[in-house]
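**Student:** Those sequence lines, one after another, are chains A and B. Each residue of the first sequence is one higher than the one before, starting from 1 at the first, in our numbering. Each residue of the second sequence is one higher than the one before, starting from 1 at the first, in our numbering.
One or more hints might be untrue.
Here are the computed lysine to any residue pairs in the SDA-like style, where the Cα-Cα straight-line distance is at most 25 Å [as the list claims (entries may be wrong)]: (1) K11/B x D242/A; (2) K131/B x A339/A; (3) K131/B x V237/A; (4) K103/B x R37/A; (5) K103/B x T4/A; (6) K103/B x P251/A; (7) K103/B x L36/A; (8) K103/B x E35/A; (9) K103/B x R143/A; (10) K103/B x T234/A; (11) K103/B x V237/A; (12) K11/B x R336/A; (13) K103/B x P155/B; (14) K103/B x R55/A; (15) K103/B x V141/A; (16) K103/B x W139/A; (17) K131/B x T234/A; (18) K103/B x A31/A.
Here chain B is said to cover these stretches of chain A; the calculated rule only asks that three of the stretch's residues, wherever they fall, bring their Cβ under 8 Å from a Cβ of chain B [to be verified]: (19) 63-74; (20) 232-239.
Hints are computed from structural coordinates only; laboratory data are not their basis. Don't be surprised by glycine CBs; every beta carbon is placed ideally from N, CA and C.
Each chain, letter by letter, is given below.
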Amino acid sequence: MAPTGYSLTRDDGAERRVSLTGSVTLADGAALWQELRQALAGATAATIDLAGVARLDGGAAALLQAVRANWARGGRPFRFVGATGEVAHLLALYDSARHGAGDEPDPAPSSLLGDVGDFAHDTWRTTQAILAFLGDLVWSVGRAIRQPRTVHMGEFGLLVERAGADGLPIVMLINFLVGAILGLQGAIQLHRFGGDQFLASLVGLSVVRELGPLMTAILITGRSGAAYAAELGTMTVNEEIDALRTLGQDPQRFLVFPRVLAMVVVVPAMTIVGDFLGTLGGMAIAVGYLQQPAVVYVQVFQQWIDMLDIGTGLMKSIVFGIAIGLIACQRGLATRGGADGVGRSTTSAVVVVLFALVALDAAFTWVFSLLDW
Amino acid sequence: MTVVLEVRDLKIGYGGVPLLDEIAFDVLRGQVFAILGGSGCGKSTLLRTLIGLQAPLAGRVHFRGIGTPEQAMSPPQFGVLFQSAALFGSWTLLQNVMLPLQKWTQLPQDAVREVALARLRLVGLELAAQKLPSEVSGGMRKRAGIARALALDPPILFLDEPSAGLDPVTAAELDELILTLARGLSVTIVLVTHELPSILKIADQCLMLDREAGGVIARGAPRDLAEHAADPRVLAFFRRQSSPRNQ
Ligand SMILES: Nc1ncnc2c1ncn2[C@@H]1O[C@H](COP(=O)(O)OP(=O)(O)OP(=O)(O)O)[C@@H](O)[C@H]1O
Ligand SMILES: [Mg+2]
Numbered sequence: 001m002a003p004t005g006y007s008l009t010r011d012d013g014a015e016r017r018v019s020l021t022g023s024v025t026l027a028d029g030a031a032l033w034q035e036l037r038q039a040l041a042g043a044t045a046a047t048i049d050l051a052g053v054a055r056l057d058g059g060a061a062a063l064l065q066a067v068r069a070n071w072a073r074g075g076r077p078f079r080f081v082g083a084t085g086e087v088a089h090l091l092a093l094y095d096s097a098r099h100g101a102g103d104e105p106d107p108a109p110s111s112l113l114g115d116v117g118d119f120a121h122d123t124w125r126t127t128q129a130i131l132a133f134l135g136d137l138v139w140s141v142g143r144a145i146r147q148p149r150t151v152h153m154g155e156f157g158l159l160v161e162r163a164g165a166d167g168l169p170i171v172m173l174i175n176f177l178v179g180a181i182l183g184l185q186g187a188i189q190l191h192r193f194g195g196d197q198f199l200a201s202l203v204g205l206s207v208v209r210e211l212g213p214l215m216t217a218i219l220i221t222g223r224s225g226a227a228y229a230a231e232l233g234t235m236t237v238n239e240e241i242d243a244l245r246t247l248g249q250d251p252q253r254f255l256v257f258p259r260v261l262a263m264v265v266v267v268p269a270m271t272i273v274g275d276f277l278g279t280l281g282g283m284a285i286a287v288g289y290l291q292q293p294a295v296v297y298v299q300v301f302q303q304w305i306d307m308l309d310i311g312t313g314l315m316k317s318i319v320f321g322i323a324i325g326l327i328a329c330q331r332g333l334a335t336r337g338g339a340d341g342v343g344r345s346t347t348s349a350v351v352v353v354l355f356a357l358v359a360l361d362a363a364f365t366w367v368f369s370l371l372d373w
Numbered sequence: 001m002t003v004v005l006e007v008r009d010l011k012i013g014y015g016g017v018p019l020l021d022e023i024a025f026d027v028l029r030g031q032v033f034a035i036l037g038g039s040g041c042g043k044s045t046l047l048r049t050l051i052g053l054q055a056p057l058a059g060r061v062h063f064r065g066i067g068t069p070e071q072a073m074s075p076p077q078f079g080v081l082f083q084s085a086a087l088f089g090s091w092t093l094l095q096n097v098m099l100p101l102q103k104w105t106q107l108p109q110d111a112v113r114e115v116a117l118a119r120l121r122l123v124g125l126e127l128a129a130q131k132l133p134s135e136v137s138g139g140m141r142k143r144a145g146i147a148r149a150l151a152l153d154p155p156i157l158f159l160d161e162p163s164a165g166l167d168p169v170t171a172a173e174l175d176e177l178i179l180t181l182a183r184g185l186s187v188t189i190v191l192v193t194h195e196l197p198s199i200l201k202i203a204d205q206c207l208m209l210d211r212e213a214g215g216v217i218a219r220g221a222p223r224d225l226a227e228h229a230a231d232p233r234v235l236a237f238f239r240r241q242s243s244p245r246n247q
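Given these sequences and hints, build the entire structure.
**Tutor:** So this is what it looks like as structure tokens:
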């Protein structure tokens, strides 16, 4: 155990007597808490002698009083003795029995040309800010790996549940419908050329490679992306982010990190479900409209779609997840003003994420085509 | 007396537009230092600049023996009560107070809880510990914010209008608490307040700001200012009159 500023001695008489000396502070609180427990275990009456205490702080006084309150609940006698001056004063202060209970210049008028210029400028600044934020995040991932204790993962489970489990029904429904719509459109065309049996490959490839990851990411953007931006935006407006900083907590690691990680887990997981439901939507059309046996649809699907197709879709969805979490959090933390500012940053988060998803998707498609995947 | 906080040639404002200029003062250990001035004159802005949440337009803020406000933030050398209390809205009052203890001490969970409860008890909120900030009154939020600021026993406290929204009895209890912290434990307290009785009772030094003057208009012990100030705006404040320029 690390050296402490105080020392503790005990005397196991009929009445347990524990003496504390030196500097008793919250900094040594963990050791104090444990040693006091051990020193007092099994006794029927106790006295804590504080005559030798040179310094006591509020936190340590609170701990001492908490020990006493626990004893009092058990009906066992317990006394503090020897406290004088400031030490006595603080003990009394933390005694649990004590309480029951402007004018700014007008903004310049706007012109159309000026608005276009402002828009371009804002877009550039937003992009810069998001890239800088990405840099910060990568940096804090590095630090988080070295010091995992500094990351606040307490909320992680809840975040995954809210983004994942709660969003599951809508993701399933929409993907099924998209699969069915695609199936119907495809079936009409394929039927003309007598290519009914290729419906499974048409729907399967489109869903697994493109539409499943993209639709799922879009839905999660609307649900969780908007929620993150609004939540962090409200916290910014209420000075909660400032308060976090004054408590020595890095908002990046405390708020952003768990959210981005939740997205990295949830988006691919939901994409797998979405892929499945989309394929099922296509099958519903094959069976219902083309009167094709389901087995044929499944066989053709297995023949045409391999793990690489599913893998490329999932690879995309991981990057989509990072983009959603990162941009939504950045937009939220960049909120200025009041409630209207929260509205603006939520809108901005959704728009910027949707743009980023489509741009990333295009980039992926291009890269995959170069790699011949 | 040792200086703990040094402010020199400070110029503060938003977006490059200065609000107050040529602010300079020292705060001594164990002192209760009051920042006074009309609504909107920049008191909260000054406080935010002192704790490093806002960059000054010019000048510097220095914590003796520690450095810049950023350096004093982690681990936190000061506690802050924001004007809006700034409690974390999705957490209970107790969880709000527990956060800094979880982050900066090695205490086990049950001990963290006890210490946090004790801080809440100190401000008379033990029974509201499990409530969310949205479920308590504005004055109670303020008091919970004070409990959170006190959580780590910081040597310096910055309090933005701690007694705003409190009844006179609770406000007087809060004054007692501030005096205990300052006199007994040598905690340095920088606070923004409008409560004249409270200023006269607890403050050692006052700094009076004025929006139109664009800076400091008076500095000194409250009794001296109340009795000997020459500036009509200062006298108006201490004699509870409307400002001479408004008459
Ligand atoms: N985020 C901001 N951007 C631009 N100007 C601001 C901002 N916040 C405050 N101001 C302006 O700065 C001035 C000072 O605000 P500040 O909050 O510091 O006043 P105050 O002295 O604390 O007032 P009060 O006693 O009412 O709390 C005000 O005129 C306000 O309009
Ligand atoms: Mg203010």
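**Student:** Could you work out which earlier hints the structure fails to respect and list their numbers in ascending sequence?
**Tutor:** Structure breaks no hint.
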